[in-house]
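Trainee: Required output: the full structure, derived from the provided sequences and hints.
Numbered according to this note's numbering, the sequence shown spans residues -18 to 63.
For the record, the hints were derived by calculation from the structure and aren't laboratory data.
Keep in mind that this is a model prediction, so the values were computed, not measured.
Just to be clear, a hint being listed does not mean it is correct.
[Stated by the list, open to error] Restraint ranges, calculated between C-beta atoms of paired labels, are given here:
id, residue 1, residue 2, range
1, -2, 39, 30 to 36 Å
2, 40, -5, 18 to 24 Å
3, 44, -13, 18 to 24 Å
4, 42, -4, 26 to 32 Å
5, 42, -13, 14 to 20 Å
6, -6, 19, 28 to 34 Å
7, -5, 39, 29 to 35 Å
8, 45, -2, 17 to 23 Å
9, 39, -7, 27 to 33 Å
10, -14, 30, 18 to 24 Å
11, 39, -6, 16 to 22 Å
Note that beta-carbon positions come from the ideal geometry of N, C-alpha and C, so glycine has one too.
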Amino acid sequence: MAYVSEDMRLMGGVPGQQLFLYRSEDAVASVTGSGYFDEAAIDYTLGTGDIIIACTGANQAEAVDMLVATNTDGVVTVVSGT
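Mentor: Right under this line is the structure:
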């Protein structure tokens, strides 16, 4: 599937130090794929150093991962901190 803006919530912070909660039925392998969060760079000014708590998989409860974003010219990649 794909990133859905309505599933992303800004919890607080400033660009480069923002904390987000993202809930999706997509598998964690999809969510951590390069470019998955590109639209979030536009929607939420998602930038390098921002953190995403991702609840993914069946019923949005199969996995919980702490992701750190890198935004390079609008292409967002994430690495899992867990």
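Trainee: Could you run down the list of hints and mark each one as holding or not?
Mentor: Each hint tested on the structure:
1. -2 x 39: 30 to 36 Å: At roughly 32 Å between Cβ atoms, residue 39 and residue -2 fall inside 30 to 36 Å, so the hint holds.
2. 40 x -5: 18 to 24 Å: 32 Å, violated
3. 44 x -13: 18 to 24 Å: About 20 Å separates the Cβ atoms of residue 44 and residue -13, which means 18 to 24 Å holds.
4. 42 x -4: 26 to 32 Å: 29 Å, holds
5. 42 x -13: 14 to 20 Å: Once the Cβ atoms are compared, 18 Å apart, the range 14 to 20 Å for residue -13 and residue 42 holds.
6. -6 x 19: 28 to 34 Å: Since residue -6 and residue 19 have Cβ atoms about 20 Å apart, the given range 28 to 34 Å is violated.
7. -5 x 39: 29 to 35 Å: Holds, since residue -5 and residue 39 (Cβ atoms, about 34 Å apart) stay within the stated range.
8. 45 x -2: 17 to 23 Å: The hint (17 to 23 Å, Cβ to Cβ) holds, given that residue 45 and residue -2 are roughly 21 Å apart.
9. 39 x -7: 27 to 33 Å: 28 Å, holds
10. -14 x 30: 18 to 24 Å: 21 Å, holds
11. 39 x -6: 16 to 22 Å: Given a distance of about 29 Å, which is not inside 16 to 22 Å, the answer is violated.
Comparing the model with each numbered hint stated earlier shows that hints 2, 6, 11 do not hold.
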